[in-house]
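Asker: Sequence:
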Amino acid sequence: MFELTLSFDNGPEPEVTPGVLDLLARENIRSTFFVLGHKIAGPAGRRLAERARAEDHWIGNHSMHHKVPLGEAADPAAAAAEEIDGTQALLGDLGRPERLFRPFGRGGAIGTHLLSRAALSRLAEGRYTMVLWNSIPRDWAEPDAWVETALAQCRAQAWTLMVLHDLPTGAMRHLERFIGLAREAGARFRQDYPPECVPIVRGRPVRPLDAYVNDADRPAA
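The sequence shown runs 1006 to 1226 under this note's numbering.
The set of hints was computed from the structure by calculation and includes no laboratory data. Everything numeric in this text was worked out from a predicted model, so none of it was measured. Please note: incorrect hints may appear among the correct ones.
[As the list claims (entries may be wrong)] Computed beta-carbon distance windows for the label pairs:
hint, residue 1, residue 2, range
1, A1086, I1115, 22 to 32 angstroms
2, L1186, A1082, 38 to 48 angstroms
3, E1103, A1082, 18 to 28 angstroms
4, P1210, G1112, 17 to 27 angstroms
5, A1049, D1098, 17 to 27 angstroms
6, T1154, D1197, 17 to 27 angstroms
7, A1146, P1019, 19 to 29 angstroms
8, G1185, P1023, 29 to 39 angstroms
9, P1102, D1027, 20 to 30 angstroms
10, P1102, E1147, 32 to 42 angstroms
11, A1083, G1185, 41 to 51 angstroms
12, S1126, E1189, 39 to 49 angstroms
Where is the CB? At the ideal position from N, CA and C, for every residue including glycine.
All chains, please: the whole structure from these sequences, using the hints.
Answerer: Here it is as structure tokens:
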């Protein structure tokens, strides 16, 4: 038996997200879609995010462009403003009252590249909750082989917060098989997050953040 929270990053995508939503509805699973700002700026992407919200999924902020981790930005303050608050402005009423933000991890890595001090300040001022992960089955890189990796990661821990991608890679063709196998293995699906994956809650750190923040732009004493 294990707990499993599904989340989907980098969408919405008209070719993929509707099928994911259809399947989650049939399986009675609620998840979080961490969307890219530039993908909800147009009407097609926004309609998909609106559908997801209407079907009781949570909508989170996953940055505007998903190109450079915030901890590696050449201009940390400008990047934090655009990538975090710019995307949140586009989300508008699609987002939850508790603003959810997931940083760009570049292949799912967790480290000091995730945040700059400027980004950390934006999260505090905007009262964001930062949602990380403890399962990256690399579905984007192994679209036909990620299911077995995902199941192994679930079995290795009591509560998994998995990152999948509603992108046109072909990986989501196997989502139904994964859900079925996870249920056979004793999965209990839920929508909330393991506490260890949420180091910032409503702008306040709930554990030390040194592992996530690049100090290079810390103001001089």
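Asker: Next step is simple, just say for each hint if it's right about the structure.
Answerer: Tested hints:
1. A1086 - I1115: 22 to 32 angstroms: holds (23 angstroms)
2. L1186 - A1082: 38 to 48 angstroms: Given about 45 angstroms between the Cβ atoms, the range holds.
3. E1103 - A1082: 18 to 28 angstroms: Since E1103 and A1082 have Cβ atoms about 25 angstroms apart, the given range 18 to 28 angstroms holds.
4. P1210 - G1112: 17 to 27 angstroms: Taking Cβ atoms as reference, P1210 and G1112 lie about 25 angstroms apart, which means the hint holds.
5. A1049 - D1098: 17 to 27 angstroms: holds (18 angstroms)
6. T1154 - D1197: 17 to 27 angstroms: holds (24 angstroms)
7. A1146 - P1019: 19 to 29 angstroms: Holds, since A1146 and P1019 (Cβ atoms, about 22 angstroms apart) stay within the stated range.
8. G1185 - P1023: 29 to 39 angstroms: violated (20 angstroms)
9. P1102 - D1027: 20 to 30 angstroms: holds (27 angstroms)
10. P1102 - E1147: 32 to 42 angstroms: Holds - the Cβ-Cβ distance for P1102 and E1147, about 36 angstroms, lies within 32 to 42 angstroms.
11. A1083 - G1185: 41 to 51 angstroms: holds (46 angstroms)
12. S1126 - E1189: 39 to 49 angstroms: holds (46 angstroms)
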